[in-house]
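K.L.:
My request is simple: use the sequences and hints to build the entire structure.
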Amino acid sequence: MKLDGEYLFNGPREEVWKLVRDPDVLATALPGTQSLNKISDTEFEGVMHLKIGPMAGDFTGKLVVSAEVPPESCTLTVDGKGAAGFAKGVGHVQLIEQADGKTLIKYTGDFQVGGKLASTGQRMIDTVSKSMVRQGLEALDKALQARVAAQAENRPVEYKPPTETEFAGAVAKDVAGGVLSIAEVRMVLYIVPVVAVLILLALILSRCGG
Amino acid sequence: MTNQFPITVTVNGVRYERTVEPRLLLVDFIRHELSLTGTHVGCEHGVCGTCTVLFDGQPVRSCLMFAVQANGHEIRTVEGLGTMDKLHPLQEAFRETHALQCGFCTPGFLMTLVPFLEENPKLSEGEIRQALAGNLCRCTGYQHIIDAVKLASDKMGVKP
Amino acid sequence: MKPAPFDYYAPTSVEQALDHVAQLGYDAKILAGGQSLIPTMNFRLAQPSALIDLNNIPELFYIRPSDDGGLLIGAMTRQSTLERDPLIAERAPLVRAAMPYIAHPQIRTRGTFGGSIAHADPSAELPAVTVALGARYRVRNKAGERWIAAEEFFVSLFTTLLQPDELLVEIALPPMPPRSGWSFQEVARQSGAYGLVGVAARVTLDDTPSGRRCRQARVAFLSAGERPMLAQHAAKTLIGQAPTAEAIRAAAEAAAKDDVDPSSDIHASADYRRHLVKVLAARALTEAFQRANI
Amino acid sequence: MTAQYVGQRITRNEDPRLLTGQALFVDDVDLPGMLHAAFLRSDYAHARIKSIDATAARSRPGVVAVYTAEDMGAFWKPGPLLVPAPHSIKDLVFNQRTQIPMARAGDKVRHVGEPMAVVIAESRYIAEDALADIVVDLEPLDAVVDLFRALEPDAPLIHDELGTNLASYVLQEKGNYEQARAQADVVISRRIVIDRGVAAALENRGYVVQWNAREQELTMWATTQAPIALRNLVSATLGISENQMRVIAPFVGGGFGPKIMLCQPEEVLLGWATMKLNRPIKYIEDRRENFLATTMERGQIHDVEIALTRDGQILGLKDVFIHDTGAYNPYALTVPLNTQTHTMGPYEIPNFHTEFKVVFTNKMIVTPVRGAGRPQGVFVMERMMDLAAQELGMNPVEIRRKNMIPADAFPHEQGIIGQDFAQLIYDSGDYPATLEKARQMIGYDQFVKEEQPRFRAEGKHVGIGVACFTEGTAVGPYEGARVTVESSGKVSLVTGVGTQGQGHFTSFAQIVADQLGVDVRDVRVVTGDTAQFHWGTGTFASRGATVAGNAVNAAAASVRAKILKHASKALGAPEKELEIVNGQVRVADIPEKSISLSELALRANPMRGSVEPGTEPGLESTQYFGPQYGATAAGTVAMIVEVDTDTLLVEVKRFVIAHDCGTVLNPLIVDGQVHGGVSMGIGQSFYEQLVYDENGQLLNASFADYLLPRSTDMPHIEIGHLCTPSPLNPMGSKGVGEAGAIPTPACFVQAVENALADYKLEILETPLSPNRLFELVQAANP
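Protein chains in written order, with this note's numbering: chain D, 1 to 210; chain A, 1 to 160; chain B, 1 to 294; chain V, 1 to 782.
Treat the hints with care, as some may be off.
Claimed, not checked - As a list, the in silico DSSO-like pairs of lysine-lysine whose alpha-carbon atoms are at most 27 Å apart: (1) B/257 to D/2; (2) V/653 to A/150; (3) D/81 to V/50; (4) V/760 to B/278; (5) V/50 to D/88.
Hints are computed from structural coordinates only; laboratory data are not their basis. Being a predicted model, the structure only gives us computed values, none of them experimental.
P.N.:
Structure representation (structure tokens):
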């Protein structure tokens with residue numbers, strides 16, 4: 001399964017990069033994360049409980065960051081296994097500085113899904129991926145702005161990992177053009193392109209054809 | 001908590017009291033707890049109609065309900081229609097028109113059709129095909145089943 | 001294909017149900033009709049630790065006329081009841097029209113109005129129908145209740161604004177304004193199969209001396225995005241226009257171009273779905289305007 | 001003998017049991033202390049197993065045992081070859097690789113759904129819980145899915161030691177195609193693709209096994225089409241003697257081919273496990289497993305070329321195709337050979353070059369499914385006929401009629417080796433008659449001249465198609481039957497074939513009832529129990545009614561002879577003056593002079609003292625029948641379809657089939673067989689297609705995504721019966737079971753093309769779908 005696209009962030013590339021490579025961000029970025037161990041600067045392993053609609057399940061995921069060219073690009077290899085099946089994927093993220101202090105992110109991914117997910121989840125996989133990446137990237141943009149704002153006032157940004165519902169809900173309201181809610185402020189730090197890809201995988205991993 | 005629930009279910013007019021685990025599917029309860037094996041299992045995801053039974057008089061997929069949900073309700077299965085020596089008019093019609101081959105899906109068709117025929121005495125072929133659309137048959141191509149429904153509606157006549 | 005173990009709760013009142021929901025939170029699932037949830041559990045793609053079964057709560061089963069001439073419908077009202085109910089046929093013909101497209105009779109015997117809404121499957125009929133009708137949902141938690149408009153309720157695939165401590169208890173359908181028409185159209189590969197694309201439309205004409213023009217057009221698509229897609233661009237092109245074939249074609253094209261975001265799966269490519277959106281939008285608007293004109 | 005029953009529309013003896021839910025299916029078997037099995041199956045299409053750790057699963061409460069390949073020790077062995085390769089074909093290549101019970105550590109899984117472990121527990125629910133406890137460490141490998149990719153030098157190897165993914169190669173030639181081509185006015189070549197589907201019997205596979213330690217006997221209730229063969233092969237695998245094992249195929253919920261597959265992992269493992277645990281075990285496959293782990297069919301790509309004269313005479317045909325056998329090939333060449341031998345169909349083709357390669361892929365094993373290779377051959381041939389008709393501006397009916405084997409040319413040698421490994425010979429038939437009948441039934445000329453133009457004028461896209469086919473049926477080797485008149489006067493009939501809805505309980509009873517002058521309801525038929533009949537092959541290739549039916553006929557005839565012999569003595573009248581009516585043997589002219597069958601049955605079982613030397617007791621006979629070669633049935637289908645060019649949905653408005661299966665035993669049952677075949681054909685035209693991704697994952701393993709035709713998808717089928725009796729068996733019958741499935745996709749595609757004539761489509765594949773039609777229309781009309 002292919003996944004390509006780009007998105008324009010309202011913030012400087014260095015800030016975006018920090019987000020991408022901030023392990024704390026990663027550690028709290030995955031909804032339902034039960035454990036996330038940093039094996040090395042570029043390797044993470046975790047157990048997650050993932051849920052969308054009626055579908056839910058635990059799975060172990062592994063993320064490897066490679067071919068880093070700070071602050072321009074990196075390659076992400078993701079590998080997840082669960083009772084519902086497995087998913088493997090490679091995603092390439094590229095950050096391109098724009099004239100107006102904005103940053104264009106280009107991402108390309110290639111994923112394979114197996115087990116029950118593949119054999120009964122067809123009807124939704126494409127929708128899920130699109131939806132998650134869109135939500136992830138839109139949230140990231142806000143995360144970025146909030147981070148910039150927080151630094152300006154040099155205060156730490158508080159957050160606690162929100163629930164899937166809060167996450168989705170917040171994004172939705174944002175899409176509907178609403179003002180930032182508590183849930184969104186909590187979210188502020190917590191979506192990055194890596195995460196968009198991981199959540200995408202995670203959710204695919206917990207998908208089915210209900 | 002002990003994950004067992006006492007239930008009372010009336011099947012084909014007989015009252016059964018059993019204790020079940022909540023996850024026990026209604027069709028497994030009917031087949032294996034009550035030994036009424038005329039109701040068959042075809043897909044366990046609610047698409048084939050083989051496990052259709054009447055729940056409070058209406059057709060349901062018994063693979064998409066839990067036995068515990070049947071507590072206090074009335075169920076009718078194929079065993080509640082005619083007997084081998086005295087077939088229900090619909091069963092007779094199935095036999096006379098050769099509306100069954102392997103016969104595995106047949107009880108599901110019968111239970112779908114019984115309330116349908118009772119509600120709709122006179123039917124067009126289109127209506128019949130629609131009424132059967134929730135039951136899969138791999139042997140007959142449905143043609144003789146449709147003949148059977150027409151014949152049965154004559155046999156059963158107009159409802160009082 | 002047997003479900004994993006779970007704890008089972010069968011509240012007999014909404015109050016009790018809300019207590020369970022509040023206690024059990026995330027890992028519990030609400031069991032309404034169960035016609036989507038139970039197959040998922042049989043495949044073991046869903047393994048909720050607990051089920052809260054709403055089937056024993058009489059106060060959730062009803063269809064009532066509302067004072068404004070619309071309808072109030074209890075969340076547990078069966079689809080088979082909607083299909084047969086004279087009030088529905090009279091006051092919400094669009095709901096009635098969509099019923100035969102929902103799976104098969106045996107499924108509609110159990111499937112519920114509220115369950116279909118809360119499940120938020122973008123290929124389901126009732127979410128799109130309620131969006132087209134401008135329905136509102138009454139949602140309760142222990143603290144109280146709130147109303148959510150159908151068009152804001154659906155977030156994405158299987159995701160709604162319902163919070164984990166909340167329960168959808170009622171659907172309110174507004175009355176059909178005078179000179180309104182409706183239509184439901186769906187293309188599925190076979191009877192009862194998931195709609196490749198479907199559309200629910202409700203249009204209202206005004207009565208100006210210059211002849212009847214479109215005052216309002218609410219067109220919602222299923223299987224055309226990650227949620228029921230309300231066609232705003234299509235509506236814009238119609239408002240104030242006479243419902244000519246011309247105007248309808250323009251609206252259908254606008255819908256296909258700007259109002260949907262279809263996905264590809266093994267049954268239909270995004271392109272094919274977009275094409276169907278155009279075809280069905282035109283068919284639905286044509287029929288709806290005809291009905292409005294009578 | 002009077003034909004009171006044979007040929008009549010007799011309602012079925014088995015129906016009351018089936019209609020009242022009293023018929024026993026395998027899942028209805030319930031034994032004291034019965035355990036339940038669930039299989040851990042591979043999520044990967046291709047992977048090397050490093051280790052399997054079942055410790056946690058074994059310790060789960062309610063789990064009795066968990067077995068992996070390692071536990072099987074010496075019992076672990078690949079399955080037997082079920083059909084030999086036809087070595088009568090010269091230069092044939094055949095690399096045998098049969099399925100294994102479970103992959104051992106270090107070995108590989110080769111398709112999604114291949115078993116890796118089995119859990120045996122107190123309930124199926126617990127067994128499935130325990131599957132999640134098993135930890136498998138494996139190394140995923142690249143999968144081979146594409147048929148051409150399989151043969152590329154750098155393709156991953158499915159059976160490493162083989163050094164290639166080529167399973168077989170076969171070339172057969174009749175005449176000299178190249179010469180024919182040189183003389184042709186028109187040569188047309190195309191690539192044609194036929195995709196995979198499943199049989200989807202509504203009853204999934206299932207087994208109940210019980211080892212009786214005291215008797216040292218193994219009983220297996222199985223959803224099988226071939227109980228005797230299953231008994232023979234599994235007992236051999238388990239190292240017990242055949243008479244220690246009893247296979248019972250009770251009522252079976254549809255077969256359609258895959259239930260002929262034998263020595264499947266589940267069968268061997270369950271038999272082995274019940275002997276080990278000394279407790280009965282039930283395993284019922286679920287629907288998802290049925291998609292992943294029950295054999296399936298179709299899946300060929302043909303590069304075909306036809307050479308004709310300007311006036312539409314076929315000079316030659318060249319067909320080079322590649323056939324997908326999946327991960328293993330226990331059925332050898334049965335399917336592609338059938339394709340090869342049905343490509344020429346009813347046509348006279350002087351020069352025929354047919355060549356195929358069979359490839360291993362990382363998909364489920366391919367074995368026959370209703371049609372068994374025939375639909376592929378017919379689809380290819382009929383497509384080429386249509387293209388030729390277009391090219392030459394001929395009417396599709398005309399070009400077919402012109403090339404048909406005439407009715408006076410039988411028996412007709414086809415010049416290639418057939419599915420029973422001997423020269424393929426068409427025994428009898430009248431092909432032009434079936435074409436003519438179908439043409440008249442559908443009103444072909446009138447439709448084309450009057451109706452179609454009218455529809456076009458209304459902007460409707462309505463099209464017509466006609467397709468002809470032959471069906472090789474009733475192949476050997478043999479079947480047997482035992483007929484006994486009991487002292488009650490009732491008759492018992494036992495045969496070795498299994499039955500899955502074909503009405504054998506009735507059609508066989510009709511034969512016996514006519515021979516013995518008894519009521520058809522008084523003939524009790526037993527099939528599918530190896531304890532009751534020892535010899536036989538199975539129900540497949542549309543052979544049951546003909547091969548077993550003729551054995552039944554022979555046994556009944558020999559019992560009739562015994563009856564007359566005893567009666568003549570008892571009544572003091574010559575045999576030729578006797579007749580059997582309503583269970584009484586009487587002298588034709590003096591009806592009151594009679595004796596009942598029950599009385600004769602008693603006398604035929606002599607008491608002490610009254611035994612004459614050489615007396616064979618009982619009014620009983622066991623006879624066998626094996627045809628010299630298979631009888632060839634034939635027919636023509638025609639259909640009218642309407643295509644909605646906005647939605648690309650297709651409605652079949654009319655469907656007719658003119659069919660010739662020789663002598664018909666029971667028209668009611670034959671009609672049912674035809675209807676069922678057609679519905680599978682409609683499915684494989686527009687609904688049923690297995691979709692694999694490039695990693696060998698099956699993407700539609702449920703009835704929600706794999707669509708079987710429903711009542712609303714099926715047309716009313718009009719059947720025209722023709723009858724040219726087969727000279728190959730005394731009853732003159734031929735098979736009919738697969739007829740409807742064979743020509744239907746070819747006819748459907750032709751009709752759709754015809755409906756969309758103004759779009760200039762050329763459809764070279766099946767199955768279609770609305771989405772695929774949309775793509776084709778877009779491509780043809782950018």
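K.L.:
Take the hints in turn and mark each one as holding or not.
P.N.:
A quick look at each hint next to the structure:
1. B/257 to D/2: Roughly 23 Å between the alpha carbons, so the hint for residue 257 of chain B and residue 2 of chain D holds.
2. V/653 to A/150: OK: residue 653 of chain V and residue 150 of chain A at ~21 Å, within 27 Å.
3. D/81 to V/50: Cα-Cα ~16 Å, so holds.
4. V/760 to B/278: Judged against 27 Å, a Cα distance of about 24 Å means the pair holds.
5. V/50 to D/88: Holds: residue 50 of chain V and residue 88 of chain D sit about 19 Å apart, inside 27 Å.
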